[in-house]
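Chemist: Protein chains in written order, with numbering that gives the first Met the number 0: chain Z, 0 to 338; chain R, 0 to 338; chain G, 0 to 338; chain V, 0 to 338.
Please note that a few of the clues may not be correct.
Identical chains share a label here; the pair holds if one copy fits it or two copies do between them.
Listed below are the simulated DSBU-like cross-link pairs for lysine-lysine, each with C-alpha atoms no more than 35 Å apart in a straight line [to be verified]:
1) LYS330 <-> LYS92
2) LYS333 <-> LYS154
3) LYS13 <-> LYS134
4) LYS205 <-> LYS247
5) LYS323 <-> LYS16
6) LYS338 <-> LYS323
7) LYS159 <-> LYS204
8) LYS172 <-> LYS204
9) LYS179 <-> LYS118
10) LYS229 <-> LYS263
11) LYS80 <-> LYS318
12) LYS50 <-> LYS35
13) LYS199 <-> LYS172
14) LYS263 <-> LYS333
15) LYS134 <-> LYS229
16) LYS172 <-> LYS134
17) LYS204 <-> LYS154
Treat the hints as calculated values from the structure; they're not laboratory data.
Below are the chains, spelled out letter by letter.
4 protein chains.
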Amino acid sequence: MKNIGEYMIITVNKNIKSEEFLDLEHIINNKGLFLKEIDSEHFLVTGDTYKFDEQSILVLPGVLGVTRIKPTYHLVSRDVKMQDTIINIGNVKIGDGSLSFMCGPCSVNSEEEILRIAKGVKESGANILRGGAYKPRTSPYFFQGLGEEALKYLKEAGEKYNLPVVSEIVDSKDLDLYLKYVDIIQVGARNMQNYELLKKLGGTKKPILLKRGPSATIEELLMSAEYILKAGNPNVILCERGIRTFEKLERYTLDLSSVVILKKITHLPVIVDPSHAVGNYNFVSQMALAAIACGADGLMIEVHDHPVESVSDAFQSYKLSKLKSLIEKGKEIKEIINK
Amino acid sequence: MKNIGEYMIITVNKNIKSEEFLDLEHIINNKGLFLKEIDSEHFLVTGDTYKFDEQSILVLPGVLGVTRIKPTYHLVSRDVKMQDTIINIGNVKIGDGSLSFMCGPCSVNSEEEILRIAKGVKESGANILRGGAYKPRTSPYFFQGLGEEALKYLKEAGEKYNLPVVSEIVDSKDLDLYLKYVDIIQVGARNMQNYELLKKLGGTKKPILLKRGPSATIEELLMSAEYILKAGNPNVILCERGIRTFEKLERYTLDLSSVVILKKITHLPVIVDPSHAVGNYNFVSQMALAAIACGADGLMIEVHDHPVESVSDAFQSYKLSKLKSLIEKGKEIKEIINK
Amino acid sequence: MKNIGEYMIITVNKNIKSEEFLDLEHIINNKGLFLKEIDSEHFLVTGDTYKFDEQSILVLPGVLGVTRIKPTYHLVSRDVKMQDTIINIGNVKIGDGSLSFMCGPCSVNSEEEILRIAKGVKESGANILRGGAYKPRTSPYFFQGLGEEALKYLKEAGEKYNLPVVSEIVDSKDLDLYLKYVDIIQVGARNMQNYELLKKLGGTKKPILLKRGPSATIEELLMSAEYILKAGNPNVILCERGIRTFEKLERYTLDLSSVVILKKITHLPVIVDPSHAVGNYNFVSQMALAAIACGADGLMIEVHDHPVESVSDAFQSYKLSKLKSLIEKGKEIKEIINK
Amino acid sequence: MKNIGEYMIITVNKNIKSEEFLDLEHIINNKGLFLKEIDSEHFLVTGDTYKFDEQSILVLPGVLGVTRIKPTYHLVSRDVKMQDTIINIGNVKIGDGSLSFMCGPCSVNSEEEILRIAKGVKESGANILRGGAYKPRTSPYFFQGLGEEALKYLKEAGEKYNLPVVSEIVDSKDLDLYLKYVDIIQVGARNMQNYELLKKLGGTKKPILLKRGPSATIEELLMSAEYILKAGNPNVILCERGIRTFEKLERYTLDLSSVVILKKITHLPVIVDPSHAVGNYNFVSQMALAAIACGADGLMIEVHDHPVESVSDAFQSYKLSKLKSLIEKGKEIKEIINK
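Excised from the complex, chain Z in its bound form:
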């Protein structure tokens, strides 16, 4: 399937000593790769260059530069597997050309609440229920989640309304809990490069929803996914949720171009979470529809619940009623772009 060779170009000092050059060649060959001369200062490296760390070559005496022509990710690439990866979660499929909607509250605050919201989510046409149990909060003074209790309520609500559930893991020690209670394990943006966690998730077959870190490049997101695939788990869903920029009126800048680029270079499904980027729930629907126009395989949307029960019904139900219309419009846009 792999039809494009891997390449790196090494630039050496034109006065490189012969023992320095032999040393360089020795290291390259030891990895099963080959040096091919372009001219006296430039050499092509062919073979599985993704295994190679530029830094380890750059420090060699006589070497001036290393230019990577092919990126370092591998198993996640369409060069290795052309066909779209389809994730199966019960009756739900992600990545098969359909649209998935993962909706629910930011955190699971009570059994009653999550049951009530799950009902609304189902009736709105969404097909997956989300809800936080362990919340990674910037401040230690903010609510950190109900933990296992929340996972139980979430599973109960999912089963009652026939919705697979997704929740974020924040420590590898909780893996067994997540294997037991949830259908998709989310790795949040802050843990995208927690490689020990990724390796452990790679040891399961559970679908993993991997969110892009707020300053991760697209290539780094793919490398994190590569950790999971290399460890044996092919069921990874990528998620764009906004990157950090200088713009002050946005919490994060939703990078919708990344969806188009990712769909081009990887076979993994790509979804978008517009809830946290703009930082204003009034803007979620536009960004959600735009994500679909860009070719996203689905959306993760927080359904905000009013924090004070007795007053909040109008506020909350407004949001749920908006969800149904949003999902319908999203499906219509999907049809248009598929023409």
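Add chains R, G and V to chain Z, keeping to what the hints say.
Modeler: Same frame as chain Z, now just chains R, G and V:
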């Protein structure tokens, strides 16, 4: 019309000397504004605070900080004018709820070429013709444009196919040429903060297409528009074209959230130019449709022309044929989001 | 000690309903804080506002905006503790006005190598030995470190040359190993927001070196330190190591202004790691000296060891000999800025 | 002098048609460059590749990618001229290994004030006087400068105290005024890519101080300098003044690594303006000294003058007295790093 007051909060040292405080109050009052005590360390400034430069207060002895509650832009704000500004260019209206498509080549390279492309642009359903005459190029070694000759050909092509034309101005000395030849004067991203140019454009009534600089904040874009409005020209169209971020696989990151935010806070029309952001013509259509889903009033799209005439017909016409389908899909998406 | 009050300003809709307003006031009061009217649309919140999550107020009906005048960090702030925190590690003190130099190889590759380098580090005048045992690598195909074996060699080398040692932890399950083998536990940039790890480290009294994430704001770095202090461990050293920007010729942009700002607002020591930012060992010394000119309490510097033993001696010892001169120059600059 | 060849690598589709390939070769050869085959998909372009716009190759049918091994700047590079460029302005030399200090008020507000400040600047040991005449302000409501009157006062003050003067030009129509009144013409960050202005300045021999735009890459700064050199003026001084990042506690992030990188790749002098970056005059001295430690050839520092004459003497003279100490410390640090 203006229904929200302007506010700033000044934090002073709790040991501020009385003469320092009188001095502060004097400066505030001299601008026609008022200080209102919150407590011994915090004072509210009410009135037209947009006229006030925080820096000039921050340097005062005894002052610890200045927090602006209301932004510095004014005439461009919906606080001052609620109704959408509609720009009229012959039969074309921008900002009235319809979609505009400004299409054409990056630069006008010959009379024949621009006539040929204009024909295709018209047949594809676009309503405005674009084409560069003076090109601001990063390198002095790259093609800098045909200048006035290009403007003449552009006008000729526009008249032949009944398309208003837009082209970028790069120096205020060329203003008379632009007033003569074009219907919309574009200010490129690199000149967004060329305030002398903005003041001169503000002295005309010609519609101005103002592009956001690659590292300009939304507020700075609005302040640049404010320069034009303050000088007397209300006909400004804003344009998002991508901001600079750390992402290496994108030339610029198209900030579509800015469209939603701008439509909320300003009455000026907002269009999107997806051509330069992603840096790959294959991705233009998805980003263009996403821009419409976000509520953009129109699109500016470069129709790429093959640089070598004899070979390029197939390549070029492929792009023009894609344009028609893109415009149709764009209009269908507009209908869906307007429901 | 705390001499500046905490403030937030809440902007409400001027047509806010009375039950909405009572609801807002109820929530504020429940946290032990108070609402004070500025005018009909603006209210001041006084008290321990750092406990308050803006988002939980922003979602309330009738609320238009929340402006935080005081930041959300607390224990780390000079408002709470004016005097510099001094970290004691054996004979070494960090934060007492002296300069610390934490030097050593990127990773511990063998017993012999770390002993050899430790000797050079000691002779160069550095006072702390660094070396990686578990390496968080972007690619799963790159060397991941020797693990516990590396920690043993590091401790051995540190004891032989009377140098306290520092190494990076990558998973909370390894905490006991780190408590046993190292004197300072490093939290790498990628784990700066691994809050579960931070909480566990906060349960010990071991000095923690907390690196700023490549896209973390200064406030977020302080909030992560706050997690450790709140959990009971006051021994935190902050470390600037470069942030992600659009500049392509730098791996990261070393943000030296952050040192000046941090020294102003927090009592914790601040060091700088220039090794990874510029991405070129030739530039390390200039940035290291600049960090000292900015007031850093110390430096962490990778001493690069040639990967091929037999050829690399010249290359490596060159670097170690540079270290001595660098440390001497650094101390001279420190004297000048202290005048 | 040029001792490193220029290179680009073109990746073509392995099924590229022979007429497509001939077309590509024709275009390359027409520019005086050559294609050399690496393998069936990769070709090396040798010759003056800085004249080549990647985009014009990327749009060719059959071409998949273009990798530039050498950058697009040329005359500014040490590849073309190894020796440092030294700018002579009367008795002052910039770039000869000495330190220059360009100091003065943000804007020239009155004859009396600039004379008073010039005296202090001279007595503090600075060797160049700065002062704004035309101020590019983000808001049209803020003070825009005294114009020609300010230039006259500045020249008068410079002559009285034997200080060459520098001031910012904001429109090419003012060039004659600047040629008459100032010794160094400053191009501000906002005009760094105002190429028409750069071409005109390149037509003179006046020293030009070119500031890096807040989101300009180092390569783009060099390309803007290239415009001036190519037009015939070799007297360009580069200036780092902070780039836009996500960090909210800094107005701009002073990128001191850029100084080290620039000194390596260009022969032009490099100075640093720390005044606007941190946004707090208390932090200027540390960043100024750090800039010297990085190898800067000089500093531009705003001496803040109190806006209210009658009260401000103490405040202002405090700043001027700090300047003398800063300059002395700066010179001592320069001596240390030169050892």
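Chemist: All the hints need checking, so say for each whether the structure fits it.
Modeler: Status of the hints after comparison with the structure:
no.: 1; hint: LYS330 <-> LYS92; in the structure: both (15 Å within a copy, 30 Å between copies)
no.: 2; hint: LYS333 <-> LYS154; in the structure: within (30 Å within a copy, 39 Å between copies)
no.: 3; hint: LYS13 <-> LYS134; in the structure: between (55 Å within a copy, 34 Å between copies)
no.: 4; hint: LYS205 <-> LYS247; in the structure: between (38 Å within a copy, 31 Å between copies)
no.: 5; hint: LYS323 <-> LYS16; in the structure: between (70 Å within a copy, 28 Å between copies)
no.: 6; hint: LYS338 <-> LYS323; in the structure: both (23 Å within a copy, 13 Å between copies)
no.: 7; hint: LYS159 <-> LYS204; in the structure: within (24 Å within a copy, 47 Å between copies)
no.: 8; hint: LYS172 <-> LYS204; in the structure: both (17 Å within a copy, 22 Å between copies)
no.: 9; hint: LYS179 <-> LYS118; in the structure: within (22 Å within a copy, 51 Å between copies)
no.: 10; hint: LYS229 <-> LYS263; in the structure: within (21 Å within a copy, 41 Å between copies)
no.: 11; hint: LYS80 <-> LYS318; in the structure: between (40 Å within a copy, 29 Å between copies)
no.: 12; hint: LYS50 <-> LYS35; in the structure: both (18 Å within a copy, 28 Å between copies)
no.: 13; hint: LYS199 <-> LYS172; in the structure: both (10 Å within a copy, 12 Å between copies)
no.: 14; hint: LYS263 <-> LYS333; in the structure: both (17 Å within a copy, 26 Å between copies)
no.: 15; hint: LYS134 <-> LYS229; in the structure: both (28 Å within a copy, 17 Å between copies)
no.: 16; hint: LYS172 <-> LYS134; in the structure: both (15 Å within a copy, 20 Å between copies)
no.: 17; hint: LYS204 <-> LYS154; in the structure: within (19 Å within a copy, 39 Å between copies)
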